[in-house]
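Trainee: Chains as they are written, first to last, in this note's numbering: chain A, 1 to 253; chain B, 1 to 128.
If you're looking for bench data, these hints aren't it; they were derived computationally from the structure. Here the structure is a predicted model, which means the values were calculated and not measured.
Quick list of the computed label-pair ranges, beta carbon to beta carbon:
no., chain 1, residue 1, chain 2, residue 2, range
1, A, 57, B, 126, 20 to 28 Å
2, B, 106, A, 129, 38 to 46 Å
3, A, 60, B, 66, 46 to 54 Å
4, B, 45, A, 78, 33 to 41 Å
Calculated pairs, EDC-like style, for lysine to aspartate or glutamate (alpha carbon to alpha carbon, straight line, at most 20 Å):
no., chain 1, residue 1, chain 2, residue 2
5, A, 224, A, 47
6, A, 252, B, 57
7, A, 137, A, 114
8, A, 252, B, 59
9, A, 118, A, 164
10, B, 34, A, 82
11, A, 252, B, 94
12, A, 224, A, 114
13, B, 35, A, 82
14, A, 64, A, 212
All C-beta atoms, glycine included, are put in the ideal place defined by N, C-alpha and C.
What follows is each chain in one-letter form.
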Amino acid sequence: MFSRSLAVGLLAAALFATATAQTAAAQRIVGPGSLNGVWQIAPQRGEVPDPRLRIPPRSIPPLKAEVVAAYEIRQRALREAEEQGRPLAVERVDCVPDGFPRMMGTTLPIEIIESPGKVTMIVEFNTQVRHIHLDAKHPPADELEFNFFGNSVGWWQGDTLVVETVGIQPSTLLFDNAPHGERLRITERYRLVTPDILELELTMTDPDTLAEPWTVRRVFARQKGMRLREFVCQENNRNYRGADGAIATDIKD
Amino acid sequence: MLSKTTSLRSAALALLMLPAVPVAAHHSTAMFDKKRTVELTGAITEFQWTNPHTWIEIDVPQANGQVVHYSIEGGAVRTMEQQGWKVRSLKPGDRVTLVVHPMRSGGRGGMIVRATLPDGRVLSYQPR
Chain A
1 MFSRSLAVGL LAAALFATAT AQTAAAQRIV GPGSLNGVWQ IAPQRGEVPD
51 PRLRIPPRSI PPLKAEVVAA YEIRQRALRE AEEQGRPLAV ERVDCVPDGF
101 PRMMGTTLPI EIIESPGKVT MIVEFNTQVR HIHLDAKHPP ADELEFNFFG
151 NSVGWWQGDT LVVETVGIQP STLLFDNAPH GERLRITERY RLVTPDILEL
201 ELTMTDPDTL AEPWTVRRVF ARQKGMRLRE FVCQENNRNY RGADGAIATD
251 IKD
Chain B
1 MLSKTTSLRS AALALLMLPA VPVAAHHSTA MFDKKRTVEL TGAITEFQWT
51 NPHTWIEIDV PQANGQVVHY SIEGGAVRTM EQQGWKVRSL KPGDRVTLVV
101 HPMRSGGRGG MIVRATLPDG RVLSYQPR
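So that you can see chain B by itself, here it is in the shape it has in the complex:
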């Protein structure tokens, strides 16, 4: 009983910790399906270390031999940097596995969740 009250109180406190006003980035992320993740394994064609968003361009070979290209959105340069990404974290030709939230429209795009680099390191991203 006590623990229930305590957890309710924690929940109430957590609600109070919301900023006075929501602070959004350049745009909403509602176009991505955050309930689903998709894994993309392929070769980087370009890493755009730019504002207002960073972008990962990747060619993903399919089982049928075809190559499908995806454009994966990340956060602003500062937000990525604060989560461990750097300007040359991804280089053209790097073979990587990306975990992304796919676009709800079905388009060949998504929002980066994490990337496993050729050396096995993992970089993650959470929007702020």
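Next up, chain A with everything else stripped away, as it sits in the complex:
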């Protein structure tokens, strides 16, 4: 009799524990904790897009009149070199990291790790890492440093992780090779549309190069079971900048 009550009690406790765990799991479907995992931009080339993906249309950098001419000359030079089969060596060829925000356009995976007070994003391509401090402040203007990935602070707004980044060095480029200055400010909004589809809306504002805020959208698909790989660009980079500025390749004899 005693043992039966004990068994019933244990069963009840187990059921309660399971129910509690399920509630906790359900709570993690959106909001803090929901972004943990490995993600890859979708659809990958050659893949049939998931019908649930709302693939964003292509957007064009809304550059200010004073930077458009130089930008178009550079874009034309890149395009003509491509057409002639002598592509120009850009920074990536020298293994220089993309920096933020271009790193978020990678076709290789990105791991998001949420920990207390922090969200870490590891971009596999060239092992680029973002440290996003939650409920924190940017340093004062006279202490702000300029670097590849900028200074990022974030906060949860309901089911959306909002990240604001400043301090991105102007040697890096925006998407589509668009230039930026030191006053660049980027706001990102990460939101799950299903447990396995993550939408990013990224808005760039820069009084030096952009005539108006420039918003691009990205969609990432969760990669269950995928482990991030190391990616050391200098491991075996057999491409280099030729004397004519085009990409040269180390071919063995």
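For chain A, the structure is supplied; the task is to place chain B on it using the hints.
Mentor: Below, chain B without anything else, positioned relative to chain A:
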């Protein structure tokens, strides 16, 4: 008529499916002639399973008895893995046939399109 409209609409949709911003790899592949393919049959001397690119080194015997060496570029390790390649898919001494896009410069290099392994299996590669 209907089918024409439908296919136009599909084409428009396909254009919309382009990513918001082009996402390139370590470098452009414009140095390879993607309108041409060349077949290379020979012996693997080395398979470099490395980033930012994998490389296949192959000795190709010619009709005149000479052996010509080629360096064939593949994608990053992750991209190759996602298309079925593994670290020891090719081993030194393996006799294989490679289909490659040759270098437009005429150099003895190219970009891998597919490899037929000694056991007859075929591995392919498409840049992403």
